[in-house]
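Engineer: Using the sequences and the accompanying hints, generate a full structural model.
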Amino acid sequence: MEGSLPEDVGQATPGLDHDPRPDLLEDHLLWETLLVEAWASARAAPAPGDAAQLAGLLHGLRCLGARLERRPAKSGAHLRLDYRSACGPLKDEETGELLWQPDPEELRTRWLEPRRAGITNLFRRVEALLPPLSPP
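Taking the numbering used here, the leading residue of the sequence shown gets 10, the next gets one more, and so forth.
In case anyone wonders, no lab produced these hints; they're calculated from the structure. Check before you lean on any hint, since a few could be wrong.
[What the hints assert, rightly or not] Distance ranges between label pairs, derived from CB positions:
(1) 140 to 54: 34 to 42 Å
(2) 130 to 83: 12 to 20 Å
(3) 74 to 104: 20 to 28 Å
(4) 140 to 106: 41 to 49 Å
(5) 107 to 84: 36 to 44 Å
(6) 56 to 143: 33 to 41 Å
(7) 101 to 30: 15 to 23 Å
(8) 107 to 130: 15 to 23 Å
(9) 59 to 101: 30 to 38 Å
(10) 103 to 134: 39 to 47 Å
(11) 37 to 87: 12 to 20 Å
(12) 55 to 104: 41 to 49 Å
(13) 84 to 124: 31 to 39 Å
C-beta atoms are modelled at their ideal positions from N, C-alpha and C, and glycine is treated no differently.
Structural biologist: Listed below in structure tokens is the structure:
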């Protein structure tokens with residue numbers, strides 16, 4: 010079908026639909042749930058381009074160290090993305106040369122804001138899969 014993703018999208022690269030940073034233990038299970046749901050949505054979408062871009066963006070942010078946090082809300086809980094933690098300098102491991110310094114404002118305005126509705130919908134679906142938050 011034209012415009013559809015292959016059955017194995019999200020699995021074409023081993024682990025693409027799993028947390029690429031299991032070393033960040035605090036939110037590892039949240040990222041596992043989020044990325045599996047994001048890639049499942051991309052595979053199920055009639056026009057999966059936007060959903061696949063969103064899943065890829067979130068995977069990339071996590072590779073850079075982005076964090077997820079669950080916060081209490083009137084309706085139970087909500088997820089919050091800390092993308093600023095993904096904005097540290099990237100340096101060559103051998104030379105120490107700066108390769109890239111992500112700009113948080115550009116990341117927000119160019120990549121996150123245009124996908125706000127998709128992120129919000131995805132976060133709500135993921136939150137519905139999680140156990141209720143314990144009261145503080």
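Engineer: Now tell me, hint by hint, if it's right for this structure.
Structural biologist: These are the hints, each one checked on the structure:
no. : hint                   : in the structure
1   : 140 to 54: 34 to 42 Å  : violated (27 Å)
2   : 130 to 83: 12 to 20 Å  : holds (19 Å)
3   : 74 to 104: 20 to 28 Å  : holds (21 Å)
4   : 140 to 106: 41 to 49 Å : holds (45 Å)
5   : 107 to 84: 36 to 44 Å  : holds (43 Å)
6   : 56 to 143: 33 to 41 Å  : holds (39 Å)
7   : 101 to 30: 15 to 23 Å  : holds (20 Å)
8   : 107 to 130: 15 to 23 Å : violated (36 Å)
9   : 59 to 101: 30 to 38 Å  : holds (34 Å)
10  : 103 to 134: 39 to 47 Å : holds (42 Å)
11  : 37 to 87: 12 to 20 Å   : holds (19 Å)
12  : 55 to 104: 41 to 49 Å  : holds (47 Å)
13  : 84 to 124: 31 to 39 Å  : violated (22 Å)
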